[in-house]
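Start from the sequences, fold in the hints, and give me the full structure.
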Amino acid sequence: MIRKRKKIMCILASAFVTVGILSANVSANVEKVQGSNVADSINSSIPEVVKEENTPNLELMYEVYIENRDGGSIYQQYPDGTTRTMGNVIRAGKYSADSSAGFWASHYDAGNDGSHSCITATASNNVHVRVGPNESYDPIKAAEITKESVPSLSPKDIEAAGVWMPKQFTIGTEEDYSFAAINNTAGFADNIIYTDMAGGTEIFGGISGAFVGNPVHFLDSDGEWKSLDYYYNGSYDKPIPEDLKIIVSKPSIDIGSPTSIEFENWAAGDTVNGEYKDTNGRVLLNYEDGTSKHIADIIQRVKGTGRFGGSEYSHVGTFRASHPGVICLSTSPKTGRTNWGNASHYSGGIQLVPANHAKFLAYNVDQKAFIDGQFNQQPHYGIIGAVGSTAENLFNPDYAIDGKISYDPIWEAVAPLYSQYMKPKYIEGDKENSTMFVISEDFGQTYQESPTIMGLTGFKDNANSFEESPVANWTNIKILLKY
Numbered sequence: 000m001i002r003k004r005k006k007i008m009c010i011l012a013s014a015f016v017t018v019g020i021l022s023a024n025v026s027a028n029v030e031k032v033q034g035s036n037v038a039d040s041i042n043s044s045i046p047e048v049v050k051e052e053n054t055p056n057l058e059l060m061y062e063v064y065i066e067n068r069d070g071g072s073i074y075q076q077y078p079d080g081t082t083r084t085m086g087n088v089i090r091a092g093k094y095s096a097d098s099s100a101g102f103w104a105s106h107y108d109a110g111n112d113g114s115h116s117c118i119t120a121t122a123s124n125n126v127h128v129r130v131g132p133n134e135s136y137d138p139i140k141a142a143e144i145t146k147e148s149v150p151s152l153s154p155k156d157i158e159a160a161g162v163w164m165p166k167q168f169t170i171g172t173e174e175d176y177s178f179a180a181i182n183n184t185a186g187f188a189d190n191i192i193y194t195d196m197a198g199g200t201e202i203f204g205g206i207s208g209a210f211v212g213n214p215v216h217f218l219d220s221d222g223e224w225k226s227l228d229y230y231y232n233g234s235y236d237k238p239i240p241e242d243l244k245i246i247v248s249k250p251s252i253d254i255g256s257p258t259s260i261e262f263e264n265w266a267a268g269d270t271v272n273g274e275y276k277d278t279n280g281r282v283l284l285n286y287e288d289g290t291s292k293h294i295a296d297i298i299q300r301v302k303g304t305g306r307f308g309g310s311e312y313s314h315v316g317t318f319r320a321s322h323p324g325v326i327c328l329s330t331s332p333k334t335g336r337t338n339w340g341n342a343s344h345y346s347g348g349i350q351l352v353p354a355n356h357a358k359f360l361a362y363n364v365d366q367k368a369f370i371d372g373q374f375n376q377q378p379h380y381g382i383i384g385a386v387g388s389t390a391e392n393l394f395n396p397d398y399a400i401d402g403k404i405s406y407d408p409i410w411e412a413v414a415p416l417y418s419q420y421m422k423p424k425y426i427e428g429d430k431e432n433s434t435m436f437v438i439s440e441d442f443g444q445t446y447q448e449s450p451t452i453m454g455l456t457g458f459k460d461n462a463n464s465f466e467e468s469p470v471a472n473w474t475n476i477k478i479l480l481k482y
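If you're matching positions, the sequence shown starts at 0 in numbering that gives the first Met the number 0 and goes up one per residue.
One should not assume that every hint holds.
Restraint-style ranges between C-beta atoms, simulated for each label pair [stated by the list, open to error]: (1) Y275 to K237: 54 to 60 Å; (2) Q447 to E147: 43 to 49 Å; (3) I139 to Q366: 19 to 25 Å.
Since the hints were derived computationally from the structure, they do not count as laboratory data.
All figures in this text were calculated on a predicted structure; none of them were measured in a lab.
Backbone N, C-alpha and C fix where the C-beta goes; we use that ideal spot for every residue, glycine too.
Structure follows, in structure tokens:
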């Protein structure tokens with residue numbers, strides 16, 4: 000899937016939003032437009048079964064405006080023209096920065112308007128905005144990057160080795176600002192727009208969040224909103240623009256928007272609650288009309304919890320974070336940034352990761368994580384592959400095998416799992432309209448809310464972990480989608 004630089008399309012998309020949505024006479028009847036693929040990799044394919052979901056109809060839900068200056072306003076505008084104040088900027092962001100090798104997932108995505116400037120991570124503790132470069136990801140070229148070939152794994156050295164690194168800035172919480180003011184002797188990070196919005200609220204998993212792949216625009220000197228592609232145009236030493244807009248749209252296909260995604264939590268060869276499974280668990284995409292599509296397979300089940308940063312801002316049973324390489328679900332209660340840095344003692348959750356991404360981080364970036372039993376225990380990670388995948392290639396350290404990506408079709412940045420359809424959303428006192436997950440211990444016959452689980456669980460012979468985890472008994476995990 001080769002993404003061309005469609006400047007004309009971006010201009011038209013920007014004009015549509017500016018003229019059609021922000022005119023003085025606003026109409027509440029918003030037209031749907033067809034979106035572009037967010038998964039932006041060449042030398043690979045996306046699963047045929049979700050081709051429709053990856054170029055969905057997009058209906059504007061709202062726009063989030065950020066005045067990137069000290070004291071600037073942050074507000075939400077709906078299609079009917081009404082606005083709602085969300086908060087303010089405490090300290091303006093100055094410049095974008097290179098993504099680290101640890102956030103390799105920001106290579107995989109692009110905007111659903113055909114641009115390369117978009118939300119690349121959306122979570123209860125921060126939001127990352129990718130601003131470039133205007134390039135597609137080549138996993139075969141990326142396979143050359145290893146700890147051995149680039150010992151530092153620094154962005155500068157990776158680019159010197161011939162693989163581009165994403166540029167991004169971050170929208171941060173009030174807690175980020177307070178923590179930096181108290182503890183960061185080096186000062187504030189210039190690539191963060193520090194806001195007075197608390198973690199777990201508003202854009203950080205509240206009622207005004209954004210999806211991975213949602214475009215981010217800036218207000219040009221001519222008074223028009225344009226993609227950040229045009230602002231940076233390959234020059235990333237420019238300051239972050241003063242006026243920003245995130246365009247949040249609801250995706251759908253002809254039969255509507257999905258209502259839930261269900262994960263059968265086992266892989267071939269697992270024994271779950273006394274029942275042996277000779278085939279992989281399915282990932283099922285469910286629609287209101289009863290349509291259920293088998294879209295992916297589980298090739299490593301999740302059977303414990305980890306201490307994932309950001310869970311301290313999420314409630315039990317909520318969707319905590321999404322980026323092109325992760326689904327993170329919270330099993331711990333919202334505590335906030337307890338004890339300024341010791342929040343890991345209170346946080347807990349699970350992650351579901353696409354197979355190629357798990358391999359790249361485990362082997363190429365030398366994290367030695369994700370793949371259970373390869374380097375150590377990893378019970379808190381589930382791994383997802385295309386229908387018919389097996390776990391065998393997880394244990395092959397080569398990211399590219401015989402000139403092909405390990406798992407093709409890919410799932411990195413592919414909708415509906417890793418872009419466009421899922422974002423943290425929790426409304427206090429209104430679980431019915433919040434994106435929650437429920438679990439089953441009887442293979443989907445009955446479902447219940449997630450229990451509270453904090454810290455590490457499911458690790459054997461680990462002094463920091465409870466050996467037994469309730470997650471080991473989970474046969475099914477279902478995410479209830481609210482947009």
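Verification of the hints:
1. Y275 to K237: 54 to 60 Å: Given range 54 to 60 Å: holds, Cβ gap about 58 Å.
2. Q447 to E147: 43 to 49 Å: holds, 47 Å
3. I139 to Q366: 19 to 25 Å: holds, 21 Å
When held up to the earlier numbered hints, the structure conflicts with none and fits them all.
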